[in-house]
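Chain residues, written in single-letter form:
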Amino acid sequence: MSGESTSAHRQDEYLQAARLALDPDRVQLALDLTPGIAVAEAVLAEIDLDANRSISAAEARAYSERVLSAVALDVDGVPLRVELVDSVVATVDTALNDEGTTRIHAVAAMARLADGRHRLRYRNTYRPDIGVYLANALVPASDRVTVAAQRRDVDQRELIIDYTLRADPATRTRRGLSLSVCGALILAANVWWRLSRRPDGAGRTCDEPS
Amino acid sequence: MRTAVRIGSTLALGLFVAVAARGLAQRGATSAGTPSEATARIVASAQTLLTTLDEAGRAKLQFPFEGPQKTRWSNLPSGIFQREGLRLADLAPPQRASVMNLLSTALSRDGYRKVTDIMRGDEVLRKTQAEGGGRGAPGAGRGPGRGGPGGGGVKFGEDEYYLAFLGTPSVTAPWRLQFGGHHLAINLTMAGSQSTMAPSLPAAQPATYTVEGRTVRPLGNENDKAFALINALSDAQRTEAILGYRVADLVLGAGKDGRTIQPEGIRASALSTAQQTMVLELVREWTGIMNDAFAEPRMAEIRAKLPDTYFAWSGATTSGSAAYFRIQGPTVVIEYAPQGGVDHIHTIYRDPTNDYGAKFIAK
Numbered sequence: 790m791s792g793e794s795t796s797a798h799r800q801d802e803y804l805q806a807a808r809l810a811l812d813p814d815r816v817q818l819a820l821d822l823t824p825g826i827a828v829a830e831a832v833l834a835e836i837d838l839d840a841n842r843s844i845s846a847a848e849a850r851a852y853s854e855r856v857l858s859a860v861a862l863d864v865d866g867v868p869l870r871v872e873l874v875d876s877v878v879a880t881v882d883t884a885l886n887d888e889g890t891t892r893i894h895a896v897a898a899m900a901r902l903a904d905g906r907h908r909l910r911y912r913n914t915y916r917p918d919i920g921v922y923l924a925n926a927l928v929p930a931s932d933r934v935t936v937a938a939q940r941r942d943v944d945q946r947e948l949i950i951d952y953t954l955r956a957d958p959a960t961r962t963r964r965g966l967s968l969s970v971c972g973a974l975i976l977a978a979n980v981w982w983r984l985s986r987r988p989d990g991a992g993r994t995c996d997e998p999s
Numbered sequence: 011m012r013t014a015v016r017i018g019s020t021l022a023l024g025l026f027v028a029v030a031a032r033g034l035a036q037r038g039a040t041s042a043g044t045p046s047e048a049t050a051r052i053v054a055s056a057q058t059l060l061t062t063l064d065e066a067g068r069a070k071l072q073f074p075f076e077g078p079q080k081t082r083w084s085n086l087p088s089g090i091f092q093r094e095g096l097r098l099a100d101l102a103p104p105q106r107a108s109v110m111n112l113l114s115t116a117l118s119r120d121g122y123r124k125v126t127d128i129m130r131g132d133e134v135l136r137k138t139q140a141e142g143g144g145r146g147a148p149g150a151g152r153g154p155g156r157g158g159p160g161g162g163g164v165k166f167g168e169d170e171y172y173l174a175f176l177g178t179p180s181v182t183a184p185w186r187l188q189f190g191g192h193h194l195a196i197n198l199t200m201a202g203s204q205s206t207m208a209p210s211l212p213a214a215q216p217a218t219y220t221v222e223g224r225t226v227r228p229l230g231n232e233n234d235k236a237f238a239l240i241n242a243l244s245d246a247q248r249t250e251a252i253l254g255y256r257v258a259d260l261v262l263g264a265g266k267d268g269r270t271i272q273p274e275g276i277r278a279s280a281l282s283t284a285q286q287t288m289v290l291e292l293v294r295e296w297t298g299i300m301n302d303a304f305a306e307p308r309m310a311e312i313r314a315k316l317p318d319t320y321f322a323w324s325g326a327t328t329s330g331s332a333a334y335f336r337i338q339g340p341t342v343v344i345e346y347a348p349q350g351g352v353d354h355i356h357t358i359y360r361d362p363t364n365d366y367g368a369k370f371i372a373k
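Residue numbers (my numbering), protein chains in the order written: chain A, 790 to 999; chain B, 11 to 373.
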């Protein structure tokens with residue numbers, strides 16, 4: 790039997806896979822980072838700051854924060870504050886054995902946005918020397934949000950999501966009712982005015998000739 | 011120019027027909043019976059296997075239907091990822107034969123061939139590693155003592171495949187047949203007449219090898235049909251299908267359960283009837299791994315939702331290139347992702363509405 794190259798898995802790259810979930814009032818970011826075997830030691834050196842081959846909770850948090858400091862999110866050009874929610878950082882053993890994925894969950898709150906079209910921009914500049922990137926929008930959980938289009942740069946370090954935000958059903962109902970009531974009032978006023986102007990004397994003013 | 015495009019599209023369609031016809035010939039006439047009959051045959055084969063095992067063997071094989079074993083699958087090899095279940099290397103020849111007989115019952119003829127080709131490819135990888143050949147062999151030059159779980163380092167080869175039953179094999183109650191190892195994860199969930207293979211991960215490295223003078227390409231049809239499809243599109247269709255960015259790996263591989271990404275690419279409703287047929291025949295390379303009795307209803311479900319199914323491509327369109335593609339519809343997600351070259355391929359098959367049989371188990 791014969792075969793070709795026996796390189797089993799990505800070795801000298803740091804795969805960073807981002808998934809963005811758009812809600813009406815926030816963006817949730819899930820970022821999975823998996824170092825190849827050849828770069829695992831270098832990545833570990835960034836995590837295991839005291840080099841004791843054990844990753845403490847403080848080291849894990851510090852590393853997650855460092856990664857997120859290289860992530861930028863903005864909506865319609867307004868920067869968002871990306872905050873760490875939780876993370877699971879690869880252990881020394883798993884990282885050195887090509888299985889160590891660090892999973893970071895972050896969230897960025899958004900100020901209340903008007904209904905209509907908006908643009909979210911995501912950019913990840915963490916370790917561009919060894920980084921290989923994936924970035925995708927998830928199908929929104931809220932029916933108020935519809936993703937219209939996604940655009941990425943060639944290396945997927947940047948993802949732009951164009952989306953539409955609709956009013957929530959309660960607001961839509963109130964708006965609909967308000968519009969209906971206004972419309973009805975306008976119509977009623979119009980009818981009254983026309984009736985008051987009829988030549989058969991109905992609604993005739995006192996100083997008009999009979 | 012238009013003439014050249016027409017000629018190119020015709021040639022691509024012709025190539026596709028040739029590949030599909032070869033697949034049909036290999037598949038042969040199906041006499042799979044009904045899905046319930048298929049389940050009954052699989053259960054019988056599973057029970058036969060159980061009779062070959064002692065108590066310890068059965069304890070290794072059987073797991074609760076719900077529990078950590080459900081998601082204990084990966085494309086990674088032993089030594090990096092620790093699987094649980096019945097390991098082929100630990101079996102006596104009659105037991106191992108019983109496992110392979112079970113697989114041949116549970117899968118279609120094409121599916122069984124694909125699975126064994128993937129396993130044989132891993133055996134090629136093992137032998138090449140043992141001989142110290144190939145570029146970038148894992149562990150090479152990194153010194154002794156680097157081992158994963160089990161302490162023995164990375165392990166390739168046909169012996170390193172595991173079988174597990176989640177739940178009890180039954181003709182009515184839900185249960186799952188899980189089989190996998192390096193570059194393979196089959197999760198076949200059955201409940202009477204209903205079944206699904208989602209999620210499953212067929213992969214290959216080497217993607218091409220020779221056995222007794224015969225060239226084997228475990229994922230060759232997938233590759234060839236995909237290139238024929240992208241080249242059968244018009245320039246305008248191709249522009250819509252091609253993603254303007256590099257996709258380095260699976261987006262929804264192992265460990266990515268429960269996520270649905272926004273579909274991209276060209277919608278199948280924008281394709282001609284012939285092109286839509288090509289999409290379906292490409293999908294069949296994954297759905298057709300299952301027993302034919304299960305595969306046909308599944309194909310009918312996907313065909314019914316084809317207008318809302320997307321085909322996306324990233325990379326060169328010249329056959330022989332390393333290109334990524336995705337097929338995504340309401341009930342199917344398939345990705346094909348070369349890992350840095352054409353000789354190492356990962357794929358994933360999912361159903362966002364029914365991974366692990368969620369739809370019919372919830373009833």
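Treat the hints as calculated values from the structure; they're not laboratory data. In this text, all values refer to a predicted model and were calculated from it rather than measured experimentally. A virtual CB, placed ideally from N, CA and C, is assigned to each residue, including glycine. Heads up, a few of these hints could be off.
What the hints assert, rightly or not - Computed Cβ-Cβ distance ranges for the label pairs, DEER-style: (1) A:W981 <-> B:A314: 40 to 50 Å; (2) B:R97 <-> A:A846: 32 to 42 Å; (3) B:S329 <-> A:A938: 48 to 58 Å.
What the hints assert, rightly or not - Beyond 12 Å from chain B on every Cβ pair, some chain A residues (computed): (4) V867; (5) A903; (6) A930.
Hint-by-hint comparison with the structure:
1. With their beta carbons about 57 Å apart, A:W981 and B:A314 fall outside the hinted range of 40 to 50 Å.
2. Range check, B:R97 to A:A846: about 36 Å between beta-carbon atoms, so the 32 to 42 Å window is met.
3. Distance hint for B:S329 and A:A938: a CB-CB separation of about 30 Å, inconsistent with the stated range 48 to 58 Å.
4. Separation of A:V867 from chain B is adequate, the least Cβ-Cβ distance of about 23 Å exceeding the 12 Å criterion.
5. The non-interface label for A:A903 is consistent with chain B: the shortest C-beta to C-beta separation is roughly 23 Å, beyond 12 Å.
6. Residue-level check failed: A:A930 sits 10 Å from the nearest beta carbon of chain B, not beyond 12 Å.
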